[in-house]
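S.K.: Each chain is listed here by its residues.
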Amino acid sequence: DGGITQSPKYLFRKEGQNVTLSCEQNLNHDAMYWYRQDPGQGLRLIYYSQIVNDFQKGDIAEGYSVSREKKESFPLTVTSAQKNPTAFYLCASSIPGTGSPYGYTFGSGTRLTVV
Amino acid sequence: AQSVTQPDIHITVSEGASLELRCNYSYGATPYLFWYVQSPGQGLQLLLKYFSGDTLVQGIKGFEAEFKRSQSSFNLRKPSVHWSDAAEYFCAVAHTGNQFYFGTGTSLTVIP
Numbered sequence: 001d002g003g004i005t006q007s008p009k010y011l012f013r014k015e016g017q018n019v020t021l022s023c024e025q026n027l028n029h030d031a032m033y034w035y036r037q038d039p040g041q042g043l044r045l046i047y048y049s050q051i052v053n054d055f056q057k058g059d060i061a062e063g064y065s066v067s068r069e070k071k072e073s074f075p076l077t078v079t080s081a082q083k084n085p086t087a088f089y090l091c092a093s094s095i096p097g098t099g100s101p102y103g104y105t106f107g108s109g110t111r112l113t114v115v
Numbered sequence: 001a002q003s004v005t006q007p008d009i010h011i012t013v014s015e016g017a018s019l020e021l022r023c024n025y026s027y028g029a030t031p032y033l034f035w036y037v038q039s040p041g042q043g044l045q046l047l048l049k050y051f052s053g054d055t056l057v058q059g060i061k062g063f064e065a066e067f068k069r070s071q072s073s074f075n076l077r078k079p080s081v082h083w084s085d086a087a088e089y090f091c092a093v094a095h096t097g098n099q100f101y102f103g104t105g106t107s108l109t110v111i112p
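Chains as they are written, first to last, in the numbering used here: chain U, 1 to 115; chain F, 1 to 112.
Keep in mind the hints are simulated off the structure, nothing from the lab. Note that CB positions come from ideal geometry on N, CA and C, so glycine has one too. A few of these clues could be false.
[What the hints assert, rightly or not] Pairwise CB distance ranges, derived in the manner of DEER restraints:
| hint | chain 1 | residue 1 | chain 2 | residue 2 | range |
| --- | --- | --- | --- | --- | --- |
| 1 | U | K57 | F | T104 | 14 to 24 Å |
| 2 | U | N26 | F | K61 | 21 to 31 Å |
| 3 | U | T20 | F | K61 | 30 to 40 Å |
| 4 | F | S70 | U | K14 | 49 to 59 Å |
[To be verified] Each computed SDA-like pair below joins lysine to any residue, with the alpha-carbon atoms no more than 20 Å apart:
| hint | chain 1 | residue 1 | chain 2 | residue 2 |
| --- | --- | --- | --- | --- |
| 5 | U | K71 | U | Y102 |
| 6 | F | K49 | U | T86 |
| 7 | U | K71 | U | S7 |
| 8 | F | K68 | F | V57 |
| 9 | F | K68 | U | K83 |
| 10 | U | K57 | U | E15 |
| 11 | U | K83 | U | V52 |
| 12 | F | K49 | U | K71 |
| 13 | F | K61 | F | W83 |
| 14 | U | K83 | U | D38 |
| 15 | F | K49 | F | T5 |
| 16 | F | K68 | F | E20 |
| 17 | U | K14 | U | P96 |
| 18 | F | K49 | U | T20 |
| 19 | F | K61 | F | S3 |
| 20 | F | K61 | U | F55 |
| 21 | F | K49 | F | H95 |
| 22 | F | K68 | F | V81 |
| 23 | U | K71 | U | V114 |
| 24 | U | K57 | F | S39 |
| 25 | U | K9 | F | K49 |
| 26 | U | K57 | F | K49 |
| 27 | F | K49 | F | W83 |
| 28 | F | K49 | U | P101 |
| 29 | U | K14 | U | G3 |
| 30 | U | K9 | F | S39 |
| 31 | F | K49 | U | G42 |
| 32 | F | K49 | F | K68 |
| 33 | U | K9 | F | P40 |
| 34 | F | K49 | F | L19 |
| 35 | F | K49 | U | P96 |
| 36 | U | K71 | U | D54 |
| 37 | U | K57 | F | H95 |
| 38 | F | K68 | F | T30 |
| 39 | F | K49 | U | G3 |
| 40 | U | K9 | F | Q45 |
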């Protein structure tokens, strides 16, 4: 079955450490997205990519970086510059791209905690 | 700019009672409209969507939503709530070439 796989499900980061969250999809979707979810704040867009080797900053990109070397993969790195990284991170994909009338397909999320 | 408002942060209903979750949007043209559900610690699952045609749309799990252009609303309804419906519900809007905009969510508690 097609879908989006996020790993790991739980991740712990020490202060000053970079960590990378994995997102892989086998839906053949062109566009992929990273959202951050905090209690009471809904979903906030971190980065998105509409095609391979291209990505755009979302509303809260500071302290994060991404790459899109393959259509199937869109990893998110949470850098040490992100001062408050503890949150639930969701990856999504869509066709044909932003504003898709078909909606987004979401992964099951990664919960990142700073220890 | 588009925005989505879900005025109810938290709703509690009794099992078997009817449910209506409110969603209002601001956008010049008719957008694409969606409702998603999120169980604790999980991703979001699409319940239903509207982009044209009949303004009453049916979704999964017995949910439906009605698009009312005059009120800029897309409220989610269910005639009889089950305990398994307890979750967080998100309304979202989009238009071709624009981002998705999510509401801040409504948390649903179902009491026996």
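S.K.: None of the hints should be skipped; say for each whether it holds.
M.R.: Right, here's what the structure says about each hint:
Taken as a hint, the range 14 to 24 Å holds for the pair U:K57 and F:T104, whose Cβ atoms sit roughly 22 Å apart. The beta-carbon spacing between U:N26 and F:K61, approximately 25 Å, falls within the hinted interval of 21 to 31 Å. Between U:T20 and F:K61 the beta carbon distance is about 35 Å. The supplied range of 30 to 40 Å therefore holds. Look at F:S70 against U:K14: about 54 Å separates their beta carbons, and that is inside 49 to 59 Å.
For the suggested pair U:K71 and U:Y102, the alpha carbons sit about 19 Å apart, so the restraint of at most 20 Å is met. Between F:K49 and U:T86 the alpha-carbon distance is near 31 Å, which puts this suggested pair outside the 20 Å criterion. Simply put, U:K71 and U:S7 have alpha-carbon atoms about 17 Å apart, close enough for the 20 Å limit, and the pair holds. Restraint check: the Cα-Cα separation between F:K68 and F:V57 comes to about 12 Å, which is no more than 20 Å; the hinted pair holds.
Our distance criterion of 20 Å between C-alpha atoms is broken by F:K68 and U:K83, whose separation comes to about 42 Å. The suggested pairing of U:K57 with U:E15 is violated, with an alpha-carbon distance near 24 Å, which exceeds 20 Å. With a CA separation close to 29 Å, the supplied pair U:K83 and U:V52 exceeds the 20 Å bound. This hinted pair does not check out: F:K49 and U:K71 have alpha carbons roughly 26 Å apart, beyond 20 Å.
A threshold of 20 Å between alpha carbons decides the hint, and for F:K61 with F:W83 the separation of about 12 Å falls inside it, so the pair holds. Distance hint between U:K83 and U:D38 is fulfilled; the C-alpha atoms sit about 14 Å from each other, no more than 20 Å. With a C-alpha separation of about 17 Å, the suggested pair F:K49 and F:T5 falls inside the 20 Å cut-off, and the hint holds. About 14 Å separates the Cα atoms of F:K68 and F:E20, which keeps this hinted pair within 20 Å; it holds.
A hinted pair counts as satisfied when its Cα atoms are at most 20 Å apart, and U:K14 with U:P96 does not qualify at roughly 38 Å. A C-alpha spacing of about 32 Å is found between F:K49 and U:T20, which places the hinted pair above 20 Å, so the restraint is violated. Between F:K61 and F:S3, the direct Cα distance comes to roughly 27 Å. Violation of the 20 Å bound is thereby established for this hinted pair. Restraint check for F:K61 and U:F55: the C-alpha separation of about 35 Å exceeds 20 Å, so the hint is violated.
Between F:K49 and F:H95 the CA atoms are separated by roughly 13 Å; this keeps the pair inside 20 Å, and the hint holds. Simply put, F:K68 and F:V81 have alpha-carbon atoms about 23 Å apart, too far for the 20 Å limit, and the pair is violated. For the hint pairing U:K71 with U:V114, the CA-to-CA distance comes to about 30 Å; that exceeds 20 Å, so the pair is violated. As the CA atoms of U:K57 and F:S39 are separated by approximately 28 Å, the hinted pair breaks the 20 Å bound.
Between U:K9 and F:K49 the alpha-carbon distance is near 28 Å, which puts this suggested pair outside the 20 Å criterion. For the hint linking U:K57 to F:K49, the alpha-carbon distance of about 26 Å lies beyond 20 Å, and the restraint is violated. About 23 Å separates the Cα atoms of F:K49 and F:W83, which puts this hinted pair outside 20 Å; it is violated. Distance check on the hinted pair: F:K49 and U:P101 sit about 8 Å apart at the alpha-carbon level, within 20 Å; holds.
For the hint linking U:K14 to U:G3, the alpha-carbon distance of about 31 Å lies beyond 20 Å, and the restraint is violated. Between the alpha carbons of U:K9 and F:S39 the distance comes to roughly 15 Å, so the proposed pair stays at or under 20 Å and holds. Simply put, F:K49 and U:G42 have alpha-carbon atoms about 19 Å apart, close enough for the 20 Å limit, and the pair holds. A distance of roughly 14 Å separates the Cα atoms of F:K49 and F:K68; the hinted pair therefore holds under the 20 Å criterion.
Using a Cα cut-off of 20 Å, the hinted pair U:K9 and F:P40 holds, with the two alpha carbons roughly 13 Å apart. Restraint check for F:K49 and F:L19: satisfied, since their Cα atoms lie roughly 18 Å apart, inside the 20 Å limit. With a C-alpha separation of about 16 Å, the suggested pairing of F:K49 with U:P96 holds against the 20 Å cut-off. Using a Cα cut-off of 20 Å, the hinted pair U:K71 and U:D54 holds, with the two alpha carbons roughly 11 Å apart.
Proximity of U:K57 to F:H95 is assessed by CA-CA distance (about 19 Å); at most 20 Å being required, the pair is judged to hold. With a C-alpha separation of about 10 Å, the suggested pair F:K68 and F:T30 falls inside the 20 Å cut-off, and the hint holds. At most 20 Å may separate the alpha-carbon atoms for a hinted pair to count; F:K49 and U:G3 meet this at roughly 19 Å. Proposed proximity of U:K9 and F:Q45 is supported: the alpha carbons are some 17 Å apart, at most 20 Å.
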